[in-house]
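Here is what each chain is made of, one letter per residue.
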Amino acid sequence: MIPHLLSMQDLSVDQITAILDTAETLKEIALRPIAKVPTLRGRTVCNLFFEDSTRTRISFEIAAKRLSADVINFSAKGSSVSKGEGFKDTALTLQAMGVDAIVVRHAASGAPQQLTRWVDAKVLNAGDGWHQHPTQGLLDLFTIRERLGHIEGLRAAVVGDVFHSRVARSVVQGLLTMGAEVTIVGPPTLLPPRVDTWGTAVSHDLDAVLPKTDVLYLLRVQQERMGEQFFPSSREYARIWGVDRDRLARLPEGAVVMHPGPMNRGVEVTADAADAPNSMIQLQVTNGIAVRMSCLYLMLGGEDGRAADVGGRGSNSERVEA
Amino acid sequence: MSGFTLTGARVVDPAGGRDEVANVSIDGEIVVAVGGQVQGTRVDADGLVLAPGLVDLHVHLREPGREDAETVESGTAAAAAGGFTAVCPMANTDPVCDHAGVVEQVSRLAREAGHCDVYPIGAITRGLRGEELAEMGAMAAQGVRCFSDDGMPVRSAQVMRRALEYARTWDAIICNHAEEAALTWGEGGRGATAGGRGSGGAAGGGGGADAAQMNEGELSSLLGLAGWPHEAEEVMVARDLILARGRGARLHVPHVSTAGAVDLIRDAKARGARVTAEAAPHHFTLVDELVTSYDPVYKVNPPLRTKDDVEAVRRGLADGTIDAIATDHAPHPPEQKEQEWAHAPCGMLGLETALAVTLTQLVGAEPVGTELVGAERPVLTLSQALAALSTNPARSRDIGGHGGPIQPGGPANLVLFDPAQRWTVDERALHSRSRNTPFAGTQLRGRVVSTLLRGRFTFRDGALA
Chain A
831 MIPHLLSMQD LSVDQITAIL DTAETLKEIA LRPIAKVPTL RGRTVCNLFF
881 EDSTRTRISF EIAAKRLSAD VINFSAKGSS VSKGEGFKDT ALTLQAMGVD
931 AIVVRHAASG APQQLTRWVD AKVLNAGDGW HQHPTQGLLD LFTIRERLGH
981 IEGLRAAVVG DVFHSRVARS VVQGLLTMGA EVTIVGPPTL LPPRVDTWGT
1031 AVSHDLDAVL PKTDVLYLLR VQQERMGEQF FPSSREYARI WGVDRDRLAR
1081 LPEGAVVMHP GPMNRGVEVT ADAADAPNSM IQLQVTNGIA VRMSCLYLML
1131 GGEDGRAADV GGRGSNSERV EA
Chain B
354 MSGFTLTGAR VVDPAGGRDE VANVSIDGEI VVAVGGQVQG TRVDADGLVL
404 APGLVDLHVH LREPGREDAE TVESGTAAAA AGGFTAVCPM ANTDPVCDHA
454 GVVEQVSRLA REAGHCDVYP IGAITRGLRG EELAEMGAMA AQGVRCFSDD
504 GMPVRSAQVM RRALEYARTW DAIICNHAEE AALTWGEGGR GATAGGRGSG
554 GAAGGGGGAD AAQMNEGELS SLLGLAGWPH EAEEVMVARD LILARGRGAR
604 LHVPHVSTAG AVDLIRDAKA RGARVTAEAA PHHFTLVDEL VTSYDPVYKV
654 NPPLRTKDDV EAVRRGLADG TIDAIATDHA PHPPEQKEQE WAHAPCGMLG
704 LETALAVTLT QLVGAEPVGT ELVGAERPVL TLSQALAALS TNPARSRDIG
754 GHGGPIQPGG PANLVLFDPA QRWTVDERAL HSRSRNTPFA GTQLRGRVVS
804 TLLRGRFTFR DGALA
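Line order of the protein sequences matches chains A and B. So that you can map any letter, position 161 of the first sequence is 991 in my numbering, and since no number is skipped, the others follow by simple counting. So that you can map any letter, position 276 of the second sequence is 629 in my numbering, and since no number is skipped, the others follow by simple counting.
Only chain A is shown next, with the shape it has when bound in the complex:
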C-alpha cells in the first residue's frame, strides 16, 4: 500500500485512515503484560541517523522491537560516514546487507527520496531537512482524532517558524488532507515562500485566531533564527506569538494544545501553558510509538513484505495477534 513513507503529501485520506486505525489497534499492545507481538520477527529495521535525534530514534526503536523486528542503529557519527564514506556508498552497503526497512533522518531535504533509488528496502522518512517528518504528522493526527474524535471540520492553527519546519509541512498537509481548516500564524519572515499556495489561511495576529481554534499547534522556534534577522528577539517573539496561560484562556472550550518537542519553554510556550490540562504534548510522545508501529507493520507486515491488507480494524487485530 505504501512503497515508502517519504512525505505526507503522498498519502491519501484512505491511507492515513488505515495507518491511524491500525495504530489504534497496536496501541493496546503497550498495555499488555508482555508488550510485544511476533509480527515482524525475522525482519531487520535499520535506524540510519545522519542527524542526532534521540527522541525519534528511540521511538522508532521501541516501535520496531514491540513488533519483534531486529533493530540496527546506524549513526552517522562514529560510523564510516564520518570517515568520509558518502551517502550513496552507505546506502549501497545497507543494500548489500539486505535490511528490510531503513528509517532515515537527515539534515538534507530529499535525502530519503534519494535513498529509494539505491536500495530495495522500504524507506521511512524520520525527518529530512526542512522538508517532511511524516510520522510526526501522523502521530499528531492520531492524537487529535483520539482526543477530539475526528479531524474533518476542525479548525487548526499552526504557529511559529513554518519556514524552517519539516514538522509543519507534514502536519499542515495531513490536516488538510483529512479535511481540517488550517491557519498558519507567525511573523511574515517565518512563513514559507508562496505560502498562499498551501491551501491554508494566514494570519499574523494570534490573539484574533485563538477564539476560532480547536487545535493549537506550536512549533519550536530556533534561537539561531534571531541572529539571521527573522525576528528581533525571543522576548518580542514570546510577546507577540508565544502562548501563555492568558492566551490559552482565549481558546474555545475543548481545544487542545500541541507541540512536536523539544520545547523552548519561555519562547513559544510558557511552562504553565505547556503543562496545562489541555496540553497533548506528552500524549503525542506516547502515541508516536503506536503510529510508528503501524507504519512499520503496514509496510513490512504482509506475506511478501508488501503492505498487508488493512481493510478493517478487526482484520488488523487478528493479524497482529496471529
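Don't read these hints as lab results, they were simulated from the structure. Any given hint could be a false lead.
Stated by the list, open to error - Stretch-level coverage of chain B by chain A, calculated; a stretch enters the list once three of its residues show a Cβ under 8 Å from a Cβ in chain A:
no.: 1; segment: 422-431
no.: 2; segment: 584-597
Unchecked claim - Residues from chain A that keep clear of chain B, each with C-beta distances beyond 10 Å, as calculated:
no.: 3; residue: His834
no.: 4; residue: Lys866
no.: 5; residue: Ser1033
no.: 6; residue: Asp1037
None of the values given here were measured: they were computed from a predicted structure. Here a beta-carbon is modelled for each residue, glycine too, at the ideal position from N, C-alpha and C.
Add chain B to chain A, keeping to what the hints say.
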C-alpha cells in the same frame, strides 16, 4: 587545387547575411570560394547545414585543479563534438586564473590538444575573493579580453566600479556573476572559500542548508530547500548596470535566468549601455519542477526557474536583448553529483547538447530537404539561432576569425550539422570526462556531423578527427 569543396549544404551565415545552398571550397586554413564550382576533393554535404563554428562565452574546463571532472583536452574535445570552434573557459580553476601563468598554461594545453580555440577569461579579483583586483594587464598582454570571478559575485560595489574603470585600459569586458550573496547565502555570506557555490564551482560542496539550493518559490517551499530568489539576480544586474552606465565600461551579464533580469538588460540597451548578455540552454528549456526528483543533476547556479522565466529568456533571445547562447558547461564527476542535494555542487554539462537543444526548443519549422521540422513554439529562425551561438558571441568578445562571415579569404572555422536528425542523449557517450547532463535520455533534433578549425576537421562524420 589541393583543397576540398563541401557540396550541397545550406550555408547559413548570419555575419554574411547568407542563407542559400552553395558549395564552399576550402584550401589550407581558409575558405577560397563560396557558391562556385567544385574545387579539389568533393565532400558531399547534401541536406546538411553549414555555418560558422560555434563560439561559447562561458565554459568550465576545470584544468588546472579538477582534472577528475574535466581537462582542457577532454573539454575541448566535447566542444569540437558539439560544433564549437572557440570556447572561453572561466577563471575558477585551482589555482585561480588570476595571473598570466594560468592563462599561458591553459592556452598551451589547448594548442596541444588542438580541438578548438580557447580564449581564457581572467579573474577580476585575486583568488576570486572580491577584494583586490587581479593583475589584468599581465593577462591582457596574453590576449585576455574578458574578466570574471564567475561562481563568485563581486560583492563590493567599490571593487566592481574600480574593475569596470580599470578594464577600460584595454577596452576589456567585465562579466560579474550576478548573485547578491546576502540574499542567497544569508547575511555575512560565506566568503570565497566556499568556491563550490557557483555554477562552475570547481570544488565540491553546495554550502549549508541555509545556502540557496533552488529557485525560491512555491516548489522550494514545498521541498524544504532554501530559496535562491530572483531578486538576488536582479539586484546585482541592476547594480552592475548602474555602475557601468556613463563610464564607457563594457559589462557582460552571464547566465541570465529571470524575467526581471531580461527586462533590466532590455531597458539598459535601449538607453545605449555597452552591455551584452548570455543565456544558457538549460535556462530556456528546463524549469524548477525538475527539482522535485531531488536529483542533483538538476542543481545549477543560477537555478532552474519558472515557466514564466523560461518564456522571458526566450523572448530576450528573440528580440536581441540576450546576445548569446552560452552553455556554462560545468562538469562534475558522479561522486560529487551523487550526494545529498544540499551537498552536491552546482553545474551541468552543455557543450555537446547546446546546438541540438537550441534547434529542438527554439527554432521554427523550415524546409530542410523535403521534411518540415521545427520546435513546437518557435522563437528564432535558424539564422538567428546561429547568430546567438556563433556570430554574436564572437563579436561581443572581439574574437576574430570566428562567427563568420563565411567568405573567400576568411579562416575556415565551420560546423556542418544535420538539422533534422533525431538522436537520444547518452551521457556515457559524451566526450566530456563527466556525465552530468540534464538531457540524458532526452530525444533532440539536430546533430553535429563535422567541425572544422582553420580548414582542419576536428570532428568528422560523428567522431573526433
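Going down the list of hints, with the structure as the test:
Chain A is given as covering the segment 422-431 of chain B, and this is violated because 0 residues of the stretch bring a CB closer than 8 Å to a CB of that chain, at least three being needed. Requiring three or more residues with a Cβ within less than 8 Å of a Cβ of chain A, the coverage given for the segment 584-597 of chain B is violated, as only 0 such residues are present. With 10 Å as the threshold on Cβ separation, the claim that A/His834 sits away from chain B holds: the shortest Cβ distance comes to roughly 13 Å. With a cut of 10 Å on Cβ distances, A/Lys866 stays outside the contact zone with chain B, its closest approach being about 36 Å.
For A/Ser1033, the condition that its CB be more than 10 Å from all CB atoms of chain B holds, with the nearest at approximately 18 Å. For A/Asp1037, the non-interface assignment is confirmed: its Cβ lies about 26 Å from the closest Cβ of chain B, beyond the 10 Å cut-off.
In terms of the numbered hints stated before, the structure departs from hints 1 and 2, listed from lowest to highest.
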